[in-house]
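Can you build the whole structure from these sequences, using the hints too?
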Amino acid sequence: MKHYKFLEQVFSRINNIDDTIRLLECSTMDLDSKIERINTLQEIRYEIITDDMIDEMINFSLNNKKKLNDWELANLNHMHRAYQHNKNVPVNLIKDLFKAKVNCGQQWELFRNKNSSLKDVMGNLSEVVKLVSDMSSIRSTSLKMNNKYDAVLSMYDADLSEKKIDEVFTDIGAFLRQFVHEAIEKQNHSRVYYAKSVDEDKQKAFGNYCLSLFGIQNDVIFTKASCNNYVVKEKYEFIVRYDELNYKCGIENLLKNIGYFLYELNLPKQWANQLVGRYSGSIMYEAQGMLMSCHLMHDKGFINYIAPSVKKFLSLRGKVSSCENIYSYFTRIQPSTLFDESDEVTFLAHVMLRYTLEKEMINDDLQVKDLPDAWFQGIKYYFNLTSNDDFDQLMQDGYWINGLFGYIPCMAISAIVAAQIFDTIKKCDTEILEEVSKGNFKNLFIWLSKNLHSYGAKYNSMALLQKVTKQSLNVDFYKNYLINKYLNI
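Position 412 (the sequence shown) corresponds to 412 in my numbering; numbering is contiguous.
For the record, the hints were derived by calculation from the structure and aren't laboratory data.
One should not assume that every hint holds.
Once the Cα atoms are required to be at most 25 Å apart in a straight line, the calculated PhoX-like pairs of lysine-lysine come out as [what the hints assert, rightly or not]: (1) K87 x K202; (2) K196 x K319; (3) K114 x K99; (4) K427 x K467; (5) K438 x K426; (6) K164 x K144; (7) K164 x K311; (8) K300 x K311; (9) K34 x K99; (10) K427 x K311; (11) K144 x K34; (12) K114 x K202; (13) K204 x K186; (14) K426 x K442; (15) K300 x K2; (16) K204 x K312; (17) K438 x K312.
So the derived label-pair ranges between C-beta atoms look like this [to be verified]: (18) K426 x D52: 30 to 38 Å; (19) T40 x F60: 29 to 37 Å; (20) N488 x S12: 49 to 57 Å.
Beta carbons are placed, not taken as given, at the ideal position from N, Cα and C, and that holds for glycine.
Right under this line is the structure:
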């Protein structure tokens, strides 16, 4: 159908513009030039996607959808959604928001280097919040959503809503507080031996070994000067942060990024320039990272296999290097005020705290100037910890600085999804994890590619979960996963 094929050509151009914008965002050009060039592309993109002809083509194609195959129809639905999300948002608001995020990020970097004050950053953050809120107000009205925050969430995953997250948090929240207490109490009866310090170069060498273990060879990867900034196939780039006093952080971060990379690598190549060729949403994307950094990394068969290499590359000796100790170290619950260093159990408390605060900010129930007090009260409530270090607390990462409101809450749903998928893998083919314990990851990767990655965005996250696991989202999978891992041992 020529109308639909025309839309494919248009959205292929939009995809190229999006790729160019991403490259410019990562460039080292001066900020004014970066803002000018990206906003020019934003304007071109906006003019294309909101053109009346695009609306007419989409509606004509929808009215004749019986002529399309399943992939084309899914792609058309994504086009329609993209048009609806953009059509009533003024292009100047899009440009102003980008500029505000860049300026806020600049102030944040100055603050991190002790060349700016928290007050300066908060002033810039207020502008980012205001513009995100304004944009969400327009979208929520246009799309007839329940509230502004739903419009924020929908930008990351079509299946995300405040109602769904509230239901999950009500269920998990009641369970988590008691569970964490019992799990920590149980772990207190066993000792973990910690490596005093592991040189960063040794961790980088082990990281390169892990990449080769997963089939990511030197011909598709190179490292930049810092040796921990990885670029795979000149497209997928990630940074691994190594901690000499806590070497598992680097391994977790690396495995999580390997999960992301494998997902992107195995997306349907014939749809590479179309919306349906992307991943199904942030929920499923984050779940791929968790499958590797939580479930695989903490699998005893996997640990038994890599333990000799951990010992060799990191120069571990004595009780620190035993398989039993490495497993206990990897799975130790240690509440932290730092989100990036949190364990898989207490990270949910971080998500709940940020969800509560950002929802209030977007819905105009919390002013940015009052955020520090609300933050420290939340840290005290969820972790029973206190800290006066702004950098280690409120300004610890760039999610809000970069306007990524609504992204972190999806991680809670992703944790459930990952547990549900891993349970399915164990039940449908017992040989997969048996092979992993021998260092053979081929069957695991084939299963993920066949049953999940290769579908791209043909299905939304929850529909894909249903297809893969034969069940809808079920919090009990996550609860049982935690109970069996931390209490029934």
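Do the hints match the structure? See the list:
| no. | hint | in the structure |
| --- | --- | --- |
| 1 | K87 x K202 | 52 Å, violated |
| 2 | K196 x K319 | 12 Å, holds |
| 3 | K114 x K99 | 23 Å, holds |
| 4 | K427 x K467 | 15 Å, holds |
| 5 | K438 x K426 | 16 Å, holds |
| 6 | K164 x K144 | 17 Å, holds |
| 7 | K164 x K311 | 44 Å, violated |
| 8 | K300 x K311 | 16 Å, holds |
| 9 | K34 x K99 | 10 Å, holds |
| 10 | K427 x K311 | 32 Å, violated |
| 11 | K144 x K34 | 35 Å, violated |
| 12 | K114 x K202 | 30 Å, violated |
| 13 | K204 x K186 | 33 Å, violated |
| 14 | K426 x K442 | 15 Å, holds |
| 15 | K300 x K2 | 54 Å, violated |
| 16 | K204 x K312 | 13 Å, holds |
| 17 | K438 x K312 | 18 Å, holds |
| 18 | K426 x D52: 30 to 38 Å | 52 Å, violated |
| 19 | T40 x F60: 29 to 37 Å | 31 Å, holds |
| 20 | N488 x S12: 49 to 57 Å | 51 Å, holds |
This entry does not satisfy hints 1, 7, 10, 11, 12, 13, 15 and 18, going by the numbered hints stated previously.
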